[in-house]
Every structure is written in C-alpha cells, then in structure tokens.
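Two independent chains are provided; combine them into the complex using the hints.
Taken in sequence, the protein lines are chains W and G.
First residue of the first sequence: 1, per full-length UniProt numbering; consecutive thereafter.
First residue of the second sequence: 1, per full-length UniProt numbering; consecutive thereafter.
Some hints could be false.
Counterexamples of contact, computed for chain W against chain G with all Cβ distances above 10 Å [what the hints assert, rightly or not]:
1) Q6
2) E46
3) S146
4) K147
5) G149
6) E156
7) I209
8) V217
Straight-line alpha carbon distances no greater than 30 Å define the calculated DSS-like cross-link-like pairs of lysine-lysine that follow [stated by the list, open to error]:
9) G:K219 - W:K206
10) G:K132 - W:K123
11) W:K70 - W:K155
12) G:K231 - G:K43
13) W:K70 - G:K149
By construction, these hints were calculated from the structure, which means they are not laboratory data.
Just so you know, even glycine gets a beta-carbon here, dropped at the ideal spot from N, CA and C.
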Amino acid sequence: MLDKNQIAKRIAKEVKNGQFINLGIGIPTLVANYIPENLEVVLQSENGLLGIGPFPTEENVDPDLINAGKQTITMVQGSSLFSSADSFAMIRGGHIHLTILGAMEVSENGDIANWKIPGKMVKGMGGAMDLVASAENIIVAMQHCSKDGQSKLLKECSLPITGMRCVKKIVTDLAVLDVLPEGGFRLLERAPGVSVDEIKAKTEGKLVIDGEIPEMVFD
Amino acid sequence: MINKTVKDATEAVKDVFSNSVLMFGGFGLCGIPENCLRALLLKDLTGLTCISNNAGVDDFGIGLMLQKHMVKKMISSYVGENAEFERQLLSGELEVELIPQGTLAERVRAGGAGIPAFFTPAGVGTEVADGKEIREFDGKLYLLERWLKADFSFVKAWKGDTAGNLIFKGTARNFNPMMATAGRITIAEVEELVPAGELDPNQIHTPGIYVHRIFQGEKYEKRIEQRTVSK
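Chain G extracted, bound-state conformation (with noise of 0.2 Å):
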C-alpha cells in the first residue's frame, strides 16, 4: 500500500500558500481539523479563501485565523458565533458568500466527482438565486449550481490507517467525507492511526485514495459549544 503518513501538522501544512483556496470539514466545532488549524496560525499567510459549513468561534478554529487576518473570503452556510467575523464583515475587510447548508455540501461533492454543476430546489424564488440559470423540471423550479474545489481539503477523522482509509464517528463526520475528495492536496488528522490492514475494508468510511498525507493529532480538545444535559 501507498503509505500517506507525515509527520505531523506542521509538515502537513508546509506548502500551503498565501491566496489559496482551503477546505475544511466540521459542524461547528465538531468535527473540525484542530491540529491542522493550529499549525496554520503559526504561517505567515494571508488572502486565504475559507470553505466551511461555520466559520469557527473568536477565540477557537477558523475564528482564530480571523484574528489574525489571514483570510480574505468565507463560503459558509452559518456564521452566527463569532464577534471578530462580524467587525470584519461589517467594516468589509472580508468577504462573504453565504451558501444554503445542502448546497453546499452537495457543491463540495460534486466538485470531488467530477460534476461540474448540478440543479437543486434550494434557494429558488430567493436572493440565493439572482444571476443563477432557473430551469424547469416536472412542474418543479430549480437552479443552477456549480462545483466547488480546493487547493488543500483539511479533514479530520477518528481512526485512519497509513493507506489513507478513514473512518469517522458520531456526529463528527458531517462535511468531512465529501471535502476529502475535493482537495488537490487532502491532509486528514486523526485521533488514531494505524497500520494499513489494521481497520476493517467493510466499515471505510473514505477510501484512501482521496487523501494525500495523513498524521495523528497530537492533542483534541474537542470544545463543545452548547453543554446540554438532563437530569
């Protein structure tokens, strides 16, 4: 087998560039490339373009390369936690392209299958769908939407194996598979990293051929924005 493995995220970051377009997988905070976050925030980049379902929290993931002023645009489908994006939005230092949540996923998708555009009922009749080719299908109005693709995907799973294989859990899977595939360059971290042969064929989640280096996190700490309990 191909073995994938690098180091660690300071190797797996070392050629990402300023101005490129980054992927990364995660609902809110679950789910999210910690340690590759982490290792970005020590570059000297800027000018990124950011694709994620959320753009992080002030002091936690993608808000913390907010700080920083590394990134130039956000594509996004909900933003709502995080007081730094909102100054910067308002004073226009960023830009940003807000996308509804199954678009874009199904964007991400097709951009990793080779679909160059695909129609959907979502956002039709709405401002989603200003310059956007309408058409009609079965009595039904759609739109026209395109692929999305990246320069490096950042994704994070629960176990993965030198051969790239992923395995994700919980709740914790959610963009994650589809930007896999939608990187040039795919870098997955993960909680536990075996040797190839180690993880059952039956239950990959993402085969490894859509990832290109893989490590294991050297620390998770999986930060959980609303600690609900019952009695």
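Next comes chain W alone, as it looks inside the complex (with noise of 0.2 Å):
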C-alpha cells in the first residue's frame, strides 16, 4: 500500500515537460515536491498566479500572496498575475494541461464527485467543477476505500457529482487505473505488495484487467 507521499510520487511521474498544471488541496498539492527537475513545468494557482514557487521563509512571508488553500507560497522567475476571470478564462479555455485533484468517489465512466455529502455540511465547490469541465487531462488521487472499508471507484456515483466523464487516470494507495473511453477502470499498475485479487475485491465498478500486472517502480 502507497502512503500520501508515495501516491504522489507516483502521480509526478505523469508529468510531462512544458505542461501547464493545476493541483488541489491535500495530495495532489505534495506531487509538486516530486516533479522531477529537468522538466519545466508551470504550477497554477486558480485565485490568480501562473509559477507557484515553494513556501516562504519565516522573513519572506506575504500575506498578499497565498495559494487556492489560502497558504502562503511564493512565486518563481518568470511568474504572472491575474484577476480569477482570467484564471477561469484559462482553464476553461482549455489552456491548462493537466489538472490533479482529490476525490470522494469515481464512477467506472469517468464522472467524479468531491464537493458534497447531502445532510453534512457543505462547503462549496470552489473552482473544481470549472476544473474538471475543461482540463484535457485529470488525474484523481485518492484513497481506494473509504474510512469504513467502501470501495471509492463505482459503477455510479452515490454522492452528487461534480462532473461528468472527466476522469482519465487514478492513482489510489492500491493501484493505477485509466477510465476507458467505453467505460471501466483499467488495471495499469498495482502498489508493492498488493494483490490483483485485493483490487478486485476493493473495485465496486467494472475492472478491466489484461495479462500481467506489474508492480509499481519508483526510482
């Protein structure tokens, strides 16, 4: 089983050179600490920043310059500022390459839900659903199961989803899987130590598994 880190170790390597990239709040923020460094990549922030750089020392902190998690960051060379009009102009004008967000369910056709549990408090979307109407590519990163043992990748959705056959990639602590264009999770790659059988017993929607699935390598 992956741990947070591991499952964004593993997303960093679904990075390519040139992309321009969204990250949400939680696991998807730590893939940045693995991109590795002979790419260039540009890291968005949705409330206005194109080059997020690395946290603040303690004497470089700016409270006019935080993340979409409200944390303060700072900004690397070749940085740019923007109102959030031109921030959404560019996500949903395709302008973004890859957006990485956690998630609370996955259906076996791509729809994701990740904003509300009807009868708990809701807090809002934010900018995911304007995210994931748009990003040519979106990676979820998220546990397989929840906190009481229910598989995250369905057939349908329970809970109301946040957009619809949008989800190309998963990385969970148990395994990779890409959403076919038909419908159904793919098995692409399973953690060290974990079974085909555990996926598929932890897998609620349609699992579509050919030959030989190989372990997860990390450098």
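Shown next as structure tokens:
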C-alpha cells in the first residue's frame, strides 16, 4: 500500500515537460515535491498566479501572496499574476494541460464526486467544477476505499457529482487505473505487495484486467 | 481629472441601505476591503445580499457581518471556514447560493461588461445545472448562466490615484477587478492613495471609470489563514 507521499510520487511520473498544471488541495499539492527537476512545468493557482514556488521562509511571508488553499507561497522566476476571471478563462479555454485533484468517488464512466455530502455541512465547490469541466487531462489522487472500507471506484457515484465523464486516470494507495472511454477501470499497475485479487475485491465498478499487472516502480 | 476621493470609510459607505446587494473583492482573507467592512459593521443594516467568493472567518471579514445578522443571503463558491455561517445556514436564518468559482468570476465580469448571459461547461450534469438551459456547441454541452450586478461593490487595491485608477498586488487581485466593474456604485480602498498623474498609465489594472469613490484605508491587518513556511 502507498502512503500519501508515495501516491504523489507516482502521479509525478505522469507529468510531462512543458505542461501547465493545476494541483488541488491535499495529496495533489504534494505532487509538486516530486516533479523531476529536468522538467520545465508551470503550476497554476486559480486565485490568480502562474508559477507557484516553494513556501516562503518566515521573513519572506507575504499576506498578499497565497495559493488556492490559502497557504502563503512564493513565485518562481517568470511568474505572472492575474484576476480570477482571467484565471478561469485559462482553465475553461483549455490552456491548462493537466489537473490533479482528490475525490470522494469516481464512477466507471469517469464521473467524479468531490464537493458535497448531503446532510452534512456543504462548503461549496470552489473551482473544482470549472476545472473538471475543461481540463484535457484529469488525474485523481485518492484512497481506494473510504474510512469505513467502502470502494470509492464505483459503477455510479452515490454522491452529487462535480463533473461527468472527465476523469482519465486514478492513482490510489493500491493501484494505477485508466478510465476507459467506453467505461470501466483498466488496471495498469499495483502497489508493491498488493495483489490483483485485493484490487478486484475493493473495486465496485467494472475492472478490466489485461494480462500480467506489474508492480509500480519507484526510482 | 474627475476627483473620486472621499475622506474615509465612514463617508464611503454612508448611503449603503438595508436589503441592498453588495459585492466584496477578495479570496479568503486576501485582498478584502477591510476598512469598508469595519465601517459597514457600525451601520444598522439588515437583509443584505453579499456576493463574495468566500464568507470570511468567524471573527474577521464578512464573518463579522454574519455575527451581527446583517446578511440575508450569501452568493459564494466556498464558505468552509466559518462556524457561525454554518449555524445560521443549518437553522435556516441564512440563504446560500453556491456557484462554481469560475462561473462566479464570469457572472460578475458579464455584469460589468453588459453581457446578460453566457454559456459555460462548468456544472453540466451536476445539481448546479438544475433549471438552467443546456445547449450543445460543437459536440459539447454547456449551460446558460446570467450576469451578476450589485448596488455597491467594495474592492481593495494596493495603490490608487484620485481619479480612481487602481493597481493590485500579488494574489490580492483575485475578484477585485471584475467586482469594480459590476457595482452601480463602486467603492475602492487602497493602501496608498496618490494624486492623479503619479501612477504610470501603462501599469493600471482597473481604469478609474469604474470607481466612484476612493480613499486610503486607515489600517490593514492582512490576516493570514494558513501561514505556511519552509525552513
């Protein structure tokens, strides 16, 4: 089984040179720590920045410079700042190549639910609906099962969805899976020490298994 | 140049009335009009509709207006950091309309730009689309969203001049430029107010035409929600 940092590390292998990327809150934010240094990529913060840098040192904290999780940040060389309207024009206009975000549920046709649990406090969708409606590639980082052991890879989402038919790839603590255009989760890799049978047992939606499934390789 | 200067926050908010629609710039607590919010708290207002990406925290920003029961309805994209907000929402005292963040930004932009409605893919297939017109363009589905306008817009900039021209700093820009365009009366507060002519016209983010009143804020606390540092 992978821990959160290992999930982030595995997702970082999907990042390609030259991409503009939006990272969601939680595990997706950790992906930034594992992007290989030889790749030139730009991280977008939807509150109005292209070029997120590392967290500041204590003396460089600037209350006027935060990320979408409201954390203090810095800017890399060559950054640009803009309004929220420009930011979402970039997102809707398809200029952001890759969106990585967390989820509560994903269905076998690529629907994602990650903003609302009916009956509980509803905090709002923030920018998630705009992001999933427009990104050309969406990777979900999440645990394979909920805390009470229920599969989060489902035939259909039980929670209100954030977007439909949009998730392309999922990296969980157990496996890497593609969402097939015709529907179904295709198993690509399994976490070290995790069997195909365990993944089968913990995936409620249609699971497609072609031949031998390799273990993930970390550098 | 037309001089937009008013003395202070109290004068700037003098004619804000109950049951009006107010817009507030800011993302979280970053770039919020702190001085106008403080001045509004001293007024006897009720029934307000507040359009703002977030709803402040319990003891700062719009959260303080909620504590005083001044707000009837919030229109926001994310309201997660506020226990009093949650209590009023669950008890039915407060009405809330949650909007995808990009749709909120564009609805406000449309309001200021004279575009009554537009199509966006955000929210198609979700409960956000309930009751809205869906149309297909080039094989993809989009839903119709309408403009937003306000009686008063409150924005905060880094620098401004007496003609109402504004320059923002860092990610404190966020919703401020669009909200400046969508208010029947737009009130700008700035950290530094200079005479017209001192700001480089090439560097202006919001042209003064959108700003009706401007003043230099007395005090900026600039509270940080998540102070995150590296060693």
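Violated hints - listed by number, lowest first: Per hint list: 2, 9, 11, 12 violated.
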